[in-house]
Amino acid sequence: MDSNVIETTNVSRSFAKSIAVQDLNLRVRRGSIYGFLGRNGAGKTTAIKMLVGLIWPDRGDIKVNGVEPARFTVEDRWKIGYVSEKQILNPFMRVDALVHFTSSFYPNWDFTACDRILKRFKIDPTKRIRALSLGMARQVAFMLAVAQKPDLLILDEPAANLDVVARREFLDEVLDLLREDGKTVLLSSHILSDVERVAEEIGIIAQGRLRISEPLDRLKETVKKVRFYGFEKGMNGFEISDAFNFSRTSNEVLATLRVENDSQLLKLAAKHRCQYEVIHLNLEDIFVEIVREPKEPT
Amino acid sequence: MKAQTPFWSLLKNELAIGCFGGTGQVASVLFVYWLCVGALPLLVVFGDSNSRGNIAALFEAGFLPIIAFLFLSCLAVWMAYATVPAFCDLLSPGGAVPGAVQHLGAFEFLFTRAVDRRKLFRARATVFFVFTLTPLFLNVLVSPFAPEIRFGPADSTSVEAVRRYEQYLKAFPESHPAMVPGQIVIPHGAVAYTAWLAWSGTLAFLLLQGYGALIARRVKPNSWWTAFFPGAPILFLLSSLILAARASRTTHVNFYENSFLFFSAHPLVMLVSLAVLAIVIQTWCERRFSKLEIL
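The listed protein sequences derive, respectively, from chains A and B.
For the first sequence, this note's numbering gives the first residue as 10, with consecutive numbering after it.
For the second sequence, this note's numbering gives the first residue as 421, with consecutive numbering after it.
In isolation and in its complexed conformation, chain B is listed as follows:
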């Protein structure tokens, strides 16, 4: 029989349980954090009295690129911490921080114990997943109880607005006119919106995790390169967002809105694709991580 590494031990270590408190204390802190962070995406929809419940206003306001940039930047740095030993060494030389955000020494210690490195990576990825994406999934859970979501562009008579109405009706065939003139009610709109956010967050998570695993072996302890490699996705994101904003002004195509509509029109295909992608990326990352060198 093959020996098993106890996953729960690794997970507890990555969560720093036993360093700052017991399971209950760490879970309480996490829960408060999730409640604070988890409300942010929904506040965009339900917080502003002028646009409350109107998803068109959300996409027109341009909040999403800023939130996406902040979320992805934090995620990129966290994933670098989880996967690139040289990056940890650069940011906390000679010291150590408990949990998933650890010093190079923690990599070395665990890599030389009787620990299945693939499981170690899985535990580490689980912690980052739980930290970053739980708020988004909590939103999905509470979304059935959210007020109804409507679609009503600011200028409802323009050619552009008509095109958007058609797109929404195609994605949500059960939509019906709302009490407010010029607006339509999107059935289960809050569920679709929060599910799309969670789906996008998971996709970003997987891609950044893959990028981290890809560069982890190439990044050697050289400050400039070590800092640059994990920073590359952030620079890429920033330039993409600027280019997308410019393109959407000239072409009147809202990338985020189109993505949301496509997801809503093909939810099953998108979820299955993501699940397949998750299995492929996770397996590949675990294999690469197990061959990581600790210089």
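Bound conformation, chain A alone:
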């Protein structure tokens, strides 16, 4: 069995004249919770839709559980649970009827999990979908994805429309799921605190390109914001080519970059005769630094 449940190689997809995803190289390790982050329109949903076989890449290769989404069989789909960003369920169906209908496609349907999740989220199974709040409808969609007992669960903004308590319960449910061996979750969300709570690995996509993909601990440990100041010979020629974000004012430079060790910064400061200050970042800061446009010089 491959160690990566998702592998994409140079995947690109455009719509009309706009490039939604460009040269995406995504690797999601089996058994991990992968937080897939990006701003609105960054290409997250397009990438996810390609993973589940709703749209096809213009070029590049995608393998999910070792199979191209274009060649998914019914058996391949048993292993992939998906909750979309705007999951619309049949509004006229009762929750129990929807469960019954969806269960007919899965041989290992977990009715116990359905009951547990419905109880946990306090959803009446005899209610029609249209009688549920948006948040509850999303919980039903989540339940349907979990009850099929997938190896890979892909959740696109699953916590949208959920209140704080429901979000917590939802995250607990995701964690419960991970306790089962071999389960993998790809979680795309705007709520970074949620992702930070559960994700082990993080991928950040900006303007269709995957800017970073690595374990959360390493990301927080190594990505720093550094303020360079006190330039003795001026700032001309001061560049950091591999910085995630780089901006300069009249007398200082702010750069977000990967700092593996202090000697790297010491060398840089010595070379340009300046001083520096390291600012530690949390996930939200890192995300903002990576995805935002550099400031114009003032």
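Hint data in this document are derived by calculation from the structure and do not stem from the laboratory.
C-beta atoms are modelled at their ideal positions from N, C-alpha and C, and glycine is treated no differently.
Careful: at least some of the hints might be erroneous.
Unchecked claim - Computed list of lysine-lysine pairs in DSSO-like fashion (alpha-carbon distance at most 27 Å, straight line): (1) A:95 <-> B:640; (2) B:711 <-> A:26; (3) A:158 <-> A:128; (4) A:158 <-> B:711; (5) A:280 <-> A:234; (6) A:158 <-> B:590; (7) B:539 <-> A:88; (8) A:26 <-> B:539.
Said to hold, decoys possible - If you anchor each label on the Cβ, the simulated ranges turn out as follows: (9) A:24 <-> B:651: 22 to 28 Å; (10) A:121 <-> B:688: 53 to 59 Å; (11) B:655 <-> A:174: 51 to 57 Å; (12) A:223 <-> B:493: 53 to 59 Å; (13) A:251 <-> B:546: 46 to 52 Å; (14) B:424 <-> A:134: 24 to 30 Å; (15) A:134 <-> B:682: 54 to 60 Å.
As the list claims (entries may be wrong) - If we take Cβ atoms under 7 Å as the criterion, some of the chain B residues that face chain A in the derived model are: (16) 433; (17) 583; (18) 660.
Please arrange chain B on chain A, whose structure you already have, making use of the hints.
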């Protein structure tokens, strides 16, 4: 062993069984609908006291182009709903309707479950087939019990009428003179007529289904184009019917009558051709549908 998608589950979902009622309730509604709609083509033959039982009057009256246009227009819109996700999104943005007439979200939900997309399309096509064509097939079933069908043009002595007599005698060699002067009895005429209607309806269904599957991947969520593509067959039909009416006035060739006679003269060939066409179009549509993108 290959996993199978339960067809009956999909069919029930497409029929909205479980949304508005059980199988019995949905079947009852369908049956009443079929009885109402199914009587329409036969009413044309048997309803008017002046032309009752005279098939010539039917073709001369010009009802058929109107019925055909209405039937095909409805079918074109329904097929667009079944096959073009962008069209569903245009007509019911942000909402959803149960059954085969569904919102884009229903496509997305089913496309991401462990559902064989080809079977999903087959279930969807079955529902539309059952809705639109069952009345025509019910007519075929009851047609052996229908009163006899005769042929007697209004002006039975004209050159045109003589030519039509010859055509009818060629298509129905067992025809014999009727009690009414100037008319001939067409044996099994009601069966031939209703079978021709069902055959034509099935052909139209298959062609529109093929057109839907052809354009489904090209139509993107852009209101103008999305509205135009499913509407194109309707515009085509309308212009064809106007042109055919004009041509038949000048050439005295009735397209519908000629089609009926050709079908009646070669029923086996026409049925086999339709069956082959159905297999080819259905297979092709299912393959295209399974590769559909949900943007």
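Structure-inconsistent hints, enumerated in ascending order: Hint check: 6, 8, 13, 17, 18 fail, others pass.
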